[in-house]
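Here's the letter readout for the chains.
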Amino acid sequence: MNRIAKDHLPFNRRNLLRSVGGGFGMLSLAGLLQATESGRVQPHFAPKAKRVIFLFMNGGPFQCDLFDPKPDLNRFAGQKPAGTDLRTERPTGNLMGVPFKFARHGESGVEVSELLPHTAKCIDDICVLRSLYTDNPNHGPALFMMTSGSLTPSRPTLGAWLSYGLGTENDNLPGFVVLCPGRPVRFAELWSNGFLPGEHQGTYINHSQLDPKQMIPFLNNSKLSPEAQWKQLELMRELNAMHLQQNRAEPHLEARIRAMEVAYRMQLEASEAFDITREPASMRELYGKGDFANGCLLARRLAERGVRFTQVYYGNGQPWDTHSNHTASTRKLCQDIDQPIAALLTDLKQRGMLDDTLVVWGGEFGRTPTTENADGRDHNPWGFTMWMAGGGVRGGMTYGATDEFGFRSIEDKVHVHDLHATILHLMGFDHAKLTYRHAGRDYRLTDLYGRVVQEVIHG
Amino acid sequence: MIGGKPIELKVDTNRRRTLYGLVRRRELSDLLRLNDVPDPLTHSPSRSLTTTPLQQLFVLNSPFMQQQADALVARLHREAPESDRARLELAYRLLVNRTASEKELELGLQFVKDSPTEAWSQYAQVLLGSNEFLFVD
Chain F
0 MNRIAKDHLP
10 FNRRNLLRSV
20 GGGFGMLSLA
30 GLLQATESGR
40 VQPHFAPKAK
50 RVIFLFMNGG
60 PFQCDLFDPK
70 PDLNRFAGQK
80 PAGTDLRTER
90 PTGNLMGVPF
100 KFARHGESGV
110 EVSELLPHTA
120 KCIDDICVLR
130 SLYTDNPNHG
140 PALFMMTSGS
150 LTPSRPTLGA
160 WLSYGLGTEN
170 DNLPGFVVLC
180 PGRPVRFAEL
190 WSNGFLPGEH
200 QGTYINHSQL
210 DPKQMIPFLN
220 NSKLSPEAQW
230 KQLELMRELN
240 AMHLQQNRAE
250 PHLEARIRAM
260 EVAYRMQLEA
270 SEAFDITREP
280 ASMRELYGKG
290 DFANGCLLAR
300 RLAERGVRFT
310 QVYYGNGQPW
320 DTHSNHTAST
330 RKLCQDIDQP
340 IAALLTDLKQ
350 RGMLDDTLVV
360 WGGEFGRTPT
370 TENADGRDHN
380 PWGFTMWMAG
390 GGVRGGMTYG
400 ATDEFGFRSI
410 EDKVHVHDLH
420 ATILHLMGFD
430 HAKLTYRHAG
440 RDYRLTDLYG
450 RVVQEVIHG
Chain Z
0 MIGGKPIELK
10 VDTNRRRTLY
20 GLVRRRELSD
30 LLRLNDVPDP
40 LTHSPSRSLT
50 TTPLQQLFVL
60 NSPFMQQQAD
70 ALVARLHREA
80 PESDRARLEL
90 AYRLLVNRTA
100 SEKELELGLQ
110 FVKDSPTEAW
120 SQYAQVLLGS
130 NEFLFVD
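First to last, the protein sequences are chains F and Z. Numbering that gives the first Met the number 0 puts the first residue of the first sequence at 0, with every later residue one more than the last. Numbering that gives the first Met the number 0 puts the first residue of the second sequence at 0, with every later residue one more than the last.
The set of hints was computed from the structure by calculation and includes no laboratory data. Each hint should be verified, as a subset may be incorrect.
Straight-line distance between alpha carbons at most 27 angstroms, and here's what the computed BS3-like set of lysine-lysine pairs gives [unchecked claim]:
id: 1; chain 1: Z; residue 1: Lys4; chain 2: F; residue 2: Lys222
id: 2; chain 1: Z; residue 1: Lys102; chain 2: Z; residue 2: Lys112
id: 3; chain 1: F; residue 1: Lys331; chain 2: F; residue 2: Lys212
id: 4; chain 1: F; residue 1: Lys49; chain 2: F; residue 2: Lys100
id: 5; chain 1: F; residue 1: Lys230; chain 2: Z; residue 2: Lys102
id: 6; chain 1: F; residue 1: Lys120; chain 2: F; residue 2: Lys432
id: 7; chain 1: Z; residue 1: Lys9; chain 2: F; residue 2: Lys222
id: 8; chain 1: F; residue 1: Lys432; chain 2: F; residue 2: Lys100
id: 9; chain 1: F; residue 1: Lys212; chain 2: F; residue 2: Lys222
id: 10; chain 1: F; residue 1: Lys222; chain 2: F; residue 2: Lys100
id: 11; chain 1: Z; residue 1: Lys112; chain 2: F; residue 2: Lys230
id: 12; chain 1: F; residue 1: Lys49; chain 2: F; residue 2: Lys348
id: 13; chain 1: F; residue 1: Lys412; chain 2: F; residue 2: Lys432
id: 14; chain 1: F; residue 1: Lys348; chain 2: F; residue 2: Lys288
id: 15; chain 1: F; residue 1: Lys212; chain 2: Z; residue 2: Lys9
Label-pair ranges, simulated between beta-carbon atoms [to be verified]:
id: 16; chain 1: Z; residue 1: Arg97; chain 2: F; residue 2: Glu253; range: 44 to 50 angstroms
id: 17; chain 1: Z; residue 1: Ile6; chain 2: F; residue 2: Lys79; range: 55 to 61 angstroms
id: 18; chain 1: Z; residue 1: Asn13; chain 2: F; residue 2: Lys79; range: 41 to 47 angstroms
id: 19; chain 1: F; residue 1: Glu106; chain 2: Z; residue 2: Leu40; range: 44 to 50 angstroms
id: 20; chain 1: Z; residue 1: Arg74; chain 2: F; residue 2: Glu233; range: 49 to 55 angstroms
Quantities reported herein were computed from a predicted structural model and do not represent experimental measurements. Backbone N, C-alpha and C define an ideal beta-carbon position, used for all residues, glycine too.
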């Protein structure tokens, strides 16, 4: 090997970028080489959260049904007052009232609708962000914005950035996992590694089948017993070691030898981690039935085992996208998510994990208070609700506000970039400094934007 | 054959270069995706090189590797029917273009003697999955 390609340099690219970006100047070469050995990158400052579980309500839920009560919406139902003709994906009609009652809950007294009674019990741990907004009313661009900070595809997604910045806590499992009982719209683009190295892409798992062998590609060997495979591995080890003797300068060879060991262990560990039938009946009952319940329980198991970022999509396609039959559909959707959300938060809390696990909930946008098709609601990028819990977030509060009909965010607005900046901050990163050089410039998740919402962070 | 229609990568009859493989942008083939195929939605100046456990799961467990191992074994038996030793020597000639060392022959003979039925297929898979074969020098 005469020429060494740039990726074969004996120091870690991430560490190089980190040290320069951090303004400390170049570390000594010896220092860099040492940092390379572990392969782990340090956060910019002490993180509050070590892992993220993102509950993604694909299709876009309507905030005024759930966390953002608007009495004026019912007062003026059937009318089209000034300010309610904001342009969304399609033309909408008059205001449509919300038949769900709100009540104050917990010690904090934050209002939650009757559709989410279990979740309401956990409200003191939840920070409701009422003033989200995004830049495009269509699913594609909005999904990309929520997952990767850009309206157009092929940028690295949030999970990929965290994997790139932090690595994984457990080598024997993928660090970025995506669970969906089907295929969300845009599919693999939503967990893409973009221009980051391929190892940071999300591992997609369709968890509608509960057998782990069906979930992870090539997890198990259909022909060989573990013992037979162990013998194979031993032979492989010997041959590779002999080969390595003559090729000492090649880091990839050793990396692959290690990766082979990990893969072998991963078969066992992933088979165990992804198997929710190993949970006691009491746990299964706590979370309830259904794909979303199973997804939340799986997410907790993965979080326990060091998976850095787990995204749980509610369903196949975009089930929250209620352009028609909105009210009846919303009842059903909330029934599906309410118990599992409360179970997840309670479960994490009981295991002492809520403090360093950041749970995020929301969709790619919200829905309009005005009606579509007389019984539906259109997409609403102007204002919607998300919430965060755990991981250093202050619970039992609301942040920001929409106008009197819940259409547009008007106070303490939180753009998706701001949400991303805040998530990265909680995970220990300055969002402006977690960068990667591509196509001649430094890229970051928040592009040129983003403000950390300090007001929702503990201490 | 140069030019012409693209072909599904996974199909058994595919003997063409990957350049002619059909790419579904949202559903990349597992083999390509695991091995850092650049995002087909955008330009890529070069391919990043990663080494991940998920790639090795493919090597250890995929039907593709099993089929290739079986095909190799069939060929070895066809072209070197005389003895295990001859087959091992041929395997090294074919895969890494050199004479196997005594140590390597010893390891190979030991392995295939331990469980005669599936052993050759498993051995072939080890060779096909080894660093020396998979990394281009």
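Taking the hints in turn, this is what the structure says about them:
Note on lysine 4(Z) and lysine 222(F): the hinted pairing is violated, with a Cα-Cα distance of about 35 angstroms set against a maximum of 27 angstroms. A distance of roughly 15 angstroms separates the Cα atoms of lysine 102(Z) and lysine 112(Z); the hinted pair therefore holds under the 27 angstroms criterion. Of the supplied pair hints, the one linking lysine 331(F) and lysine 212(F) is violated, its CA atoms being roughly 31 angstroms apart against a limit of 27 angstroms. The straight-line distance between the Cα atoms of lysine 49(F) and lysine 100(F) is roughly 36 angstroms, outside the 27 angstroms bound, and the hint therefore fails.
Restraint check for lysine 230(F) and lysine 102(Z): satisfied, since their Cα atoms lie roughly 17 angstroms apart, inside the 27 angstroms limit. At roughly 38 angstroms between alpha-carbon atoms, lysine 120(F) and lysine 432(F) are farther apart than 27 angstroms, so this suggested pair is violated. For the hint linking lysine 9(Z) to lysine 222(F), the alpha-carbon distance of about 20 angstroms falls within 27 angstroms, and the restraint holds. Distance restraint check for lysine 432(F) and lysine 100(F): the Cα-Cα separation of roughly 44 angstroms exceeds the 27 angstroms cut-off, and the hinted pair is therefore not satisfied.
Of the pairs offered as hints, the one joining lysine 212(F) and lysine 222(F) holds, with about 14 angstroms between alpha carbons and a cut-off of 27 angstroms not exceeded. Between lysine 222(F) and lysine 100(F), the direct Cα distance comes to roughly 58 angstroms. Violation of the 27 angstroms bound is thereby established for this hinted pair. Annotation: proposed proximity of lysine 112(Z) to lysine 230(F) holds, straight-line Cα distance about 13 angstroms (limit 27 angstroms). Of the supplied pair hints, the one linking lysine 49(F) and lysine 348(F) holds, its CA atoms being roughly 15 angstroms apart against a limit of 27 angstroms.
Taking the CA atoms of lysine 412(F) and lysine 432(F), the gap is near 23 angstroms; set against the 27 angstroms cutoff, the hint holds. Restraint check for lysine 348(F) and lysine 288(F): satisfied, since their Cα atoms lie roughly 21 angstroms apart, inside the 27 angstroms limit. Pair hint lysine 212(F) plus lysine 9(Z) holds up; C-alpha atoms about 21 angstroms apart against a cutoff of 27 angstroms. For the pair arginine 97(Z) and glutamate 253(F), the supplied restraint of 44 to 50 angstroms is violated, since their beta-carbon distance comes to about 22 angstroms.
The supplied range of 55 to 61 angstroms is met by isoleucine 6(Z) and lysine 79(F), whose beta-carbon atoms lie about 56 angstroms from each other. At roughly 59 angstroms, the beta carbons of asparagine 13(Z) and lysine 79(F) sit outside the given window of 41 to 47 angstroms. For glutamate 106(F) and leucine 40(Z), the Cβ-Cβ distance of about 48 angstroms falls inside the hinted range of 44 to 50 angstroms, so the restraint holds. Evaluation of the 49 to 55 angstroms hint for arginine 74(Z) and glutamate 233(F) yields a failure: the beta carbon distance comes to about 25 angstroms.
Going down the numbered hints, you'll see the structure goes against 1, 3, 4, 6, 8, 10, 16, 18, 20, while the others check out.
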